[in-house]
Amino acid sequence: MSTHKRRVVGIAAAVAVVAGLAGCAAPADEEDDGVVVISVMGMPAATNTAALELFQQQVAEFEEANPDIRVVGSDMPWDAKTFAARLAGGSAPTLLRVPLTEPPSLIERGQVADIAAEASELESFDELNPRIMEFLERDDAVYGLPEKSYAFGLVYNRALFEEAGLDPDAPPTTWEEVREAAKQISDATGKTGFGEISTNNSGGWHLTGYTYTNGGTMIEQGSDGTWTASFNDEPTRDVLEWWKQTRFEDDSMGDNVLGKQEDLLAEFTAGNVGMWVSAPPDLYPLYVAAGGDPEIYGAAAMPQGGGEATLAGATVLMVNAKASAAERDAAVKWMEFRALRPNYDPEVAAAYAEVSAEDGLPVGVPALPLFDEARYAEIQEAIAEFVNVPVENFDPYVASLDTLAYVAEPVVASQEIYAALDPLVQAVLTDPNADIDRLLDDAEARVNTILEQAQG
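FYI, the numbering for the sequence shown is -28 to -1, 1 to 428, going by mature numbering (1 follows the signal peptide of the UniProt record, and there is no 0).
These are calculated hints, taken from the structure and not from any lab test. These numbers were taken from a predicted model, which means no experiment stands behind them. Be aware that one or more of the hints could be misleading.
[As the list claims (entries may be wrong)] List time: in silico DMTMM-like cross-link candidates among lysine to aspartate or glutamate, alpha-carbon distance up to 25 Å:
1. Lys120 <-> Glu213
2. Lys120 <-> Glu319
3. Lys120 <-> Glu326
4. Lys120 <-> Glu345
5. Lys53 <-> Asp235
6. Lys232 <-> Asp407
7. Lys120 <-> Asp222
8. Lys232 <-> Glu106
9. Lys305 <-> Asp254
10. Lys305 <-> Asp40
11. Lys216 <-> Glu416
12. Lys155 <-> Asp98
13. Lys53 <-> Glu319
14. Lys294 <-> Asp86
15. Lys120 <-> Glu280
16. Lys305 <-> Asp111
17. Lys163 <-> Asp222
18. Lys120 <-> Glu134
19. Lys120 <-> Glu99
20. Lys120 <-> Glu416
21. Lys305 <-> Glu152
22. Lys163 <-> Glu149
23. Lys294 <-> Glu93
24. Lys163 <-> Asp265
25. Lys120 <-> Glu206
26. Lys120 <-> Glu424
27. Lys305 <-> Glu119
28. Lys120 <-> Asp98
29. Lys305 <-> Glu280
30. Lys232 <-> Asp222
31. Lys216 <-> Asp196
32. Lys155 <-> Asp47
33. Lys216 <-> Glu206
34. Lys163 <-> Glu213
35. Lys305 <-> Glu149
36. Lys294 <-> Glu280
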């Protein structure tokens, strides 16, 4: 490893700074020596040692190149139930890392800064994916930059497929095929054939994504511009019936249906779950960090029910509205350094790929590009010699990215809608006698109230 590739001679000091101040959150003023201090979300948890070390290396290199900026990492995750309160209370970091569902409400409430002046100076700015940037721009204002994008797919355990007599190279592509495979896995192995999540807004999130695959929508805009609920119909009802059948008629979903994504990831990593829905590229690093076997990780197309579509989203970076001009400028420089350059600059991509591979971190996980396909291909070529991921296991998923339509999450009050839908999902997953029509009526009323308030 060359000095040029790592450039982390000051790593010990950076480790001490980042680890010692990880709990700090709110935007900070300039220090007495004129150094601008920014707190940034996105620092890996201490349990993910390799990823944390890479983060610390990146901080050290960034501070070496920008001696007037000090970066304080925060491992505070985005949480649907606590984030808004922390932001309103002034305890959120300078740089915010949030799902693509959040910008509309954050912009509306004036909680994030316009960074158009700073972002427009970036070499790569004009080449960013417009399908992501449309959520981050308002007229001439720019409120954030993308870190990564994703699309739903089916994650599966190739070893359990083989144990159940299924072909791991031919995963199911329809919901009916998923149901059949789930039962076969449960019957043959005693493990959960298909796992599901339903708390912390994840139930509503999954219900939305599944509804899209059946050709449905969650909200629709009338001729007067007003948004109302649109899910009390056949596409969503079919999802709920499918859950009910798979859970109670087939007994292939197990009993742990009231968890969140982290809970199901732990069960999947332990080899106790055959299939579930997530964003395969995003999940893979977490799976490997938790001790999962890369060779048995399978990624397939989002199962379909006639809609030929999949939910797509992103993780985006925004700046706290309470940040000073100097902090805004520093935060945008950090965004470019850590999020954009590895996806835009082949030399930087290769350098980070080499460091990541040496540290045992995944390199080459297929993903939706932040820039255009030509740039993505250039980056993939630059990192090819360092790829340590069984990319062939992602082939069914990658193939679907060119064939399925991408449908964005609800553009109004998405997280509030998800929270309102969680009880509906939980009821169907826990009560074999759940009245789906009544539950849908109740959920529709709750969501329409939320939409009225959001558009008030």
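So, going through the hints one by one against the coordinates:
1. Lys120 <-> Glu213: At roughly 33 Å apart (the allowed maximum being 25 Å), Glu213 and Lys120 break the hint.
2. Lys120 <-> Glu319: holds, 19 Å
3. Lys120 <-> Glu326: holds, 20 Å
4. Lys120 <-> Glu345: holds, 15 Å
5. Lys53 <-> Asp235: Roughly 17 Å between the alpha carbons, so the hint for Lys53 and Asp235 holds.
6. Lys232 <-> Asp407: Holds, at roughly 24 Å.
7. Lys120 <-> Asp222: violated, 37 Å
8. Lys232 <-> Glu106: violated, 29 Å
9. Lys305 <-> Asp254: Holds, because 24 Å separates the two Cα atoms, which is no more than 25 Å.
10. Lys305 <-> Asp40: holds, 12 Å
11. Lys216 <-> Glu416: Answer holds: Lys216 to Glu416 is near 19 Å, not above 25 Å.
12. Lys155 <-> Asp98: violated, 49 Å
13. Lys53 <-> Glu319: Violated - the C-alpha atoms of Glu319 and Lys53 are around 40 Å apart, more than 25 Å.
14. Lys294 <-> Asp86: At roughly 11 Å apart (the allowed maximum being 25 Å), Asp86 and Lys294 satisfy the hint.
15. Lys120 <-> Glu280: holds, 23 Å
16. Lys305 <-> Asp111: holds, 23 Å
17. Lys163 <-> Asp222: holds, 13 Å
18. Lys120 <-> Glu134: violated, 32 Å
19. Lys120 <-> Glu99: holds, 15 Å
20. Lys120 <-> Glu416: Distance ~32 Å between Lys120 and Glu416 Cα, so the pair is violated.
21. Lys305 <-> Glu152: violated, 50 Å
22. Lys163 <-> Glu149: The hint holds at about 18 Å.
23. Lys294 <-> Glu93: OK: Lys294 and Glu93 at ~22 Å, within 25 Å.
24. Lys163 <-> Asp265: Within the cut-off at roughly 17 Å; holds.
25. Lys120 <-> Glu206: violated, 33 Å
26. Lys120 <-> Glu424: Outside the cut-off at roughly 31 Å; violated.
27. Lys305 <-> Glu119: holds, 13 Å
28. Lys120 <-> Asp98: The given pair, whose Cα atoms are some 17 Å apart, holds under the 25 Å limit.
29. Lys305 <-> Glu280: Measuring from Cα to Cα gives roughly 39 Å; hence the hint is violated.
30. Lys232 <-> Asp222: Holds: Lys232 and Asp222 sit about 22 Å apart, inside 25 Å.
31. Lys216 <-> Asp196: violated, 37 Å
32. Lys155 <-> Asp47: violated, 39 Å
33. Lys216 <-> Glu206: Holds, at roughly 15 Å.
34. Lys163 <-> Glu213: holds, 22 Å
35. Lys305 <-> Glu149: Violated, because 47 Å separates the two Cα atoms, which is more than 25 Å.
36. Lys294 <-> Glu280: The hint is violated at about 43 Å.
Going down the numbered hints, you'll see the structure goes against 1, 7, 8, 12, 13, 18, 20, 21, 25, 26, 29, 31, 32, 35 and 36, while the others check out.
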